[in-house]
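For the protein sequence lines, the chains are A and B, in the order given.
Using our numbering, the letters of the first sequence map in sequence onto residues 1 to 146.
Using our numbering, the letters of the second sequence map in sequence onto residues 1 to 21.
Treat the hints with care, as some may be off.
Unchecked claim - Within a straight-line C-alpha distance of at most 25 Å, the following computed SDA-like cross-link-like pairs (lysine to any residue) qualify:
#1 Lys91/A - Pro15/B
#2 Lys63/A - Lys87/A
#3 Lys15/A - Pro15/B
#4 Lys15/A - Asp18/B
#5 Lys61/A - Phe18/A
#6 Lys125/A - Lys81/A
#7 Lys60/A - Leu17/B
#8 Lys114/A - Phe4/B
#9 Lys63/A - Asn26/A
#10 Lys108/A - Ser13/B
#11 Lys87/A - Glu120/A
#12 Lys81/A - Leu109/A
#13 Lys1/B - Glu120/A
Keep in mind the hints are simulated off the structure, nothing from the lab.
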Amino acid sequence: SIPTLFEELDEYISKSSFKKAIRVCNKILGIEAGNVQAFQCKVICLMQLSNFQEAIDCFKKSKQIESMSFEYSYCLYALNKYQESLKQLEKSQKDNRSLELEAQIHYKLEDYSKTISIYESLLSKPEYSDSVEFITNLCAVYLEAG
Amino acid sequence: KPLFFDLAFNNVSFPTLDIGK
Ligand SMILES: [K+]
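Generate the whole structure from the sequences, applying the supplied hints.
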C-alpha cells in the first residue's frame with residue numbers, strides 16, 4: 001500500500017540509499033502517477049546521485065517545475081546551462097537560496113561584481129554572517145575580482 | 001583558483017514525508 005511504501009521510502013532516504021529510494025518512488029508513481037511527494041523525492045534522489053540530466057527529463061515530463069523552481073534551476077546550473085538557469089531563477093521567488101544560486105552562477109561566469117552585490121546583501125542576514133563557508137566564498141570572489 | 005563552496009546544493013532538500021500515519 002502507499003503508506004507502507006512511504007515508510008520504506010523514508011527509511012531509504014534516512015540511510016542515503018538513493019537508488020533504492022528511487023525504486024520505491026517509481027512503485028508509488030506506478031500506483032498513483034500524480035503523487036507529488038513521490039515525484040519530488042525521486043527528483044531530489046536523482047540530484048543526490050548527480051543524475052541531473054535525468055532529473056531535468058523528469059521535470060519536463062511533469063507539471064512540477066513551478067513548485068520546484070529552485071531545484072530545476074540547480075539542475076540547469078549543474079549541467080553548465082548557466083543562462084537557462086538564470087532565466088528560470090528570474091521567473092521564481094527571490095528567496096535566499098535562489099539568490100545564493102544566482103550569485104554562484106555569476107561567479108562561474110566570472111561576473112564577480114554581480115556575485116559581490118548579491119553576497120553583500122545576504123551578508124547582513126545572521127544565517128550568513130556566521131557561516132564559514134559563505135565567508136570563504138565571499139573571500140574567493142573578492143580575490144578573483146582583485 | 002581560490003576555494004569556493006557549492007553552497008547552493010545545501011539547499012536541495014527532501015520534502016517532509018506524510019507517510020500516512
Ligand atoms: K525559488
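Verification of the hints:
1. Lys91/A - Pro15/B: holds (22 Å)
2. Lys63/A - Lys87/A: holds (18 Å)
3. Lys15/A - Pro15/B: Roughly 16 Å separates the two Cα atoms, so the pair holds.
4. Lys15/A - Asp18/B: Satisfied, since the Cα-Cα distance of roughly 18 Å is no more than 25 Å.
5. Lys61/A - Phe18/A: The hint holds at about 21 Å.
6. Lys125/A - Lys81/A: This hinted pair is violated, its Cα atoms lying about 29 Å apart.
7. Lys60/A - Leu17/B: holds (23 Å)
8. Lys114/A - Phe4/B: With a Cα-Cα distance of about 16 Å, the restraint between Lys114/A and Phe4/B holds, given a limit of 25 Å.
9. Lys63/A - Asn26/A: Holds, because 17 Å separates the two Cα atoms, which is no more than 25 Å.
10. Lys108/A - Ser13/B: holds (23 Å)
11. Lys87/A - Glu120/A: This hinted pair holds, its Cα atoms lying about 22 Å apart.
12. Lys81/A - Leu109/A: Satisfied, since the Cα-Cα distance of roughly 11 Å is no more than 25 Å.
13. Lys1/B - Glu120/A: holds (21 Å)
In this structure, the one hint that does not hold is number 6.
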